[in-house]
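There are 2 protein chains.
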Amino acid sequence: MTVQIKPYKKNFEYGYSFGVFPTMELLENRPEDVIKIMVMEKGLENEGVQKIIEKCRREGIAVEIADKAINRISKKENNYTVGVFRKYTEHIVPGNHLVLVNPSDMGNMGTIIRTALGFKVQDLAIIRPGVDIFDPKVVRSSMGAIFKIRCEYFDSFEDYQDAFPENNIYTFMLNADYTLADAKEIKSEPYSLVFGNEGSGLDESYFSGLGKSIKIEQSSLIDSLNLSIAVGIALYEFNR
Amino acid sequence: MTVQIKPYKKNFEYGYSFGVFPTMELLENRPEDVIKIMVMEKGLENEGVQKIIEKCRREGIAVEIADKAINRISKKENNYTVGVFRKYTEHIVPGNHLVLVNPSDMGNMGTIIRTALGFKVQDLAIIRPGVDIFDPKVVRSSMGAIFKIRCEYFDSFEDYQDAFPENNIYTFMLNADYTLADAKEIKSEPYSLVFGNEGSGLDESYFSGLGKSIKIEQSSLIDSLNLSIAVGIALYEFNR
Numbered sequence: 001m002t003v004q005i006k007p008y009k010k011n012f013e014y015g016y017s018f019g020v021f022p023t024m025e026l027l028e029n030r031p032e033d034v035i036k037i038m039v040m041e042k043g044l045e046n047e048g049v050q051k052i053i054e055k056c057r058r059e060g061i062a063v064e065i066a067d068k069a070i071n072r073i074s075k076k077e078n079n080y081t082v083g084v085f086r087k088y089t090e091h092i093v094p095g096n097h098l099v100l101v102n103p104s105d106m107g108n109m110g111t112i113i114r115t116a117l118g119f120k121v122q123d124l125a126i127i128r129p130g131v132d133i134f135d136p137k138v139v140r141s142s143m144g145a146i147f148k149i150r151c152e153y154f155d156s157f158e159d160y161q162d163a164f165p166e167n168n169i170y171t172f173m174l175n176a177d178y179t180l181a182d183a184k185e186i187k188s189e190p191y192s193l194v195f196g197n198e199g200s201g202l203d204e205s206y207f208s209g210l211g212k213s214i215k216i217e218q219s220s221l222i223d224s225l226n227l228s229i230a231v232g233i234a235l236y237e238f239n240r
Numbered sequence: 001m002t003v004q005i006k007p008y009k010k011n012f013e014y015g016y017s018f019g020v021f022p023t024m025e026l027l028e029n030r031p032e033d034v035i036k037i038m039v040m041e042k043g044l045e046n047e048g049v050q051k052i053i054e055k056c057r058r059e060g061i062a063v064e065i066a067d068k069a070i071n072r073i074s075k076k077e078n079n080y081t082v083g084v085f086r087k088y089t090e091h092i093v094p095g096n097h098l099v100l101v102n103p104s105d106m107g108n109m110g111t112i113i114r115t116a117l118g119f120k121v122q123d124l125a126i127i128r129p130g131v132d133i134f135d136p137k138v139v140r141s142s143m144g145a146i147f148k149i150r151c152e153y154f155d156s157f158e159d160y161q162d163a164f165p166e167n168n169i170y171t172f173m174l175n176a177d178y179t180l181a182d183a184k185e186i187k188s189e190p191y192s193l194v195f196g197n198e199g200s201g202l203d204e205s206y207f208s209g210l211g212k213s214i215k216i217e218q219s220s221l222i223d224s225l226n227l228s229i230a231v232g233i234a235l236y237e238f239n240r
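Just so you know, the protein sequences line up as chains A and B, in that order.
With our numbering, letter number 36 in the first sequence gets 36, and the count goes up by one each step, no holes.
With our numbering, letter number 226 in the second sequence gets 226, and the count goes up by one each step, no holes.
Just chain A, same shape as in the assembly (with noise of 0.2 Å):
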């Protein structure tokens, strides 16, 4: 694949690690779809880049001196590293899932995808339309857990529903009939955690009946929780 280093697009077939943790992380989850990695020649003294750098030679990954390259898609910020990958589509598989209709914030996602790692999910649906997990935001704040999920779009919910029947699905909302605390009771595996859109959240009209709707309880100081924190609390008590 011939790349042009520019900032990324969302239509690009490539996408950017940036930083030592991430490319580490895209190195040793996903070797066959890096095209290459490049370097600072000032990070060349970085323990990271050194063990990057090793790790190419063995595996015959290209290694590029491009601080020009890199400075060209870097924002602000520092980067010693910057791992250049294939996109790639995957398929999830049954078992546990997460599945966030319409998420549109970057942090909020790359957060997300650390954190079900942390519990175990692996797999996670994106009802469309949602944010672009390959955009570099995403890859970094996920600190690159990203190259360890399996993630899936799919074009709505029925279609994610008829791919996965067997699943038990709880529906996170403000409006809902059960509480968290519940949890223990009502929860069944294979389980799919379902959450709505950060400033919207789930359309209630569109959800009513399809499996269980949850709320987790909170003051009335605060509107809601942060997505990415809701989606935290809710992967603890389910992974109990």
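Keep in mind that the hints were calculated from the coordinates and are not lab data.
Even for Gly, the Cβ is constructed at its ideal location relative to N, Cα and C.
Hints are not guaranteed to be accurate.
[To be verified] Partner residues aside, some chain A positions facing chain B, computed with beta carbon under 10 Å: (1) 115; (2) 119; (3) 149.
[To be verified] Here are the simulated distance ranges between beta carbons: (4) 12/A to 104/B: 29 to 35 Å; (5) 11/B to 75/A: 45 to 51 Å; (6) 94/B to 57/A: 56 to 62 Å; (7) 88/B to 45/A: 45 to 51 Å; (8) 128/A to 94/B: 46 to 52 Å; (9) 29/A to 120/B: 36 to 42 Å; (10) 2/B to 219/A: 37 to 43 Å; (11) 72/B to 21/A: 17 to 23 Å; (12) 13/A to 94/B: 55 to 61 Å; (13) 64/A to 44/B: 52 to 58 Å; (14) 21/B to 10/A: 24 to 30 Å; (15) 240/A to 2/B: 53 to 59 Å; (16) 3/B to 240/A: 36 to 42 Å.
[Claimed, not checked] List time: in silico DSS-like cross-link candidates among lysine-lysine, alpha-carbon distance up to 25 Å: (17) 9/A to 76/B; (18) 42/B to 68/B; (19) 120/A to 184/A; (20) 10/B to 51/B; (21) 120/A to 184/B; (22) 76/A to 6/B; (23) 42/B to 55/B; (24) 75/A to 137/B; (25) 9/B to 76/A; (26) 36/A to 51/A; (27) 215/B to 6/A; (28) 42/B to 137/B; (29) 75/A to 9/B; (30) 184/B to 187/A; (31) 6/B to 87/B; (32) 55/A to 36/A; (33) 137/B to 76/A; (34) 10/A to 6/B; (35) 36/A to 184/A; (36) 184/B to 9/B; (37) 215/B to 148/A; (38) 215/A to 187/B; (39) 76/B to 184/A; (40) 68/B to 10/B.
Given chain A's structure and the hints, the job is docking chain B onto it.
Just chain B now, with coordinates in the frame of chain A:
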């Protein structure tokens, strides 16, 4: 107080709330500290801005149409309104507390403040050095929740403990004596939930013997949870 509307700096005696929602929270919770409200001309049609203007009229707070000033201090965002407020210092009060040791990420801080409020913990202690809670990034990411909590800085953890010797200390760290699943047996009010810096966590030698140490059980697939997620899960469990 004479204010010059310039990009925010930590040493300013005043701060800014960007956006309709945080500015309404400012007006509702700290009206005595509002210096003035600025609005964009094109925002005058906006329902939220109109509510803000009405409220200012009732409370005798100055409103200025100030497109240039707003553009000067906004980064990329499009803000219809900005509140200018006098910074205030507060003392936290006896009860359950959240204690953050050397927090450094502004977005995390705002999310954490909002989450604490959601779980009825309204007193936040920050052990210096720590992020400036009046930075517009914190104010914004808290969605204005900053104006509903009490926050106090302490020079050291000892200073905090001297002020609240009756609190039961729970330190969150990866290498701990208890897991969060034990919380229902070991939790005792008033409690202080103590978390370290985003990158380095709590210094173990320093915190040993201070209280009960707790870890949030997680898979080995990630190094650690994001700080705001860990705080959210702990608050949820202690609030059960």
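Handout entry: Violations among the numbered hints
Key = 5, 11, 16, 20, 27, 34, 35, 36 and 39
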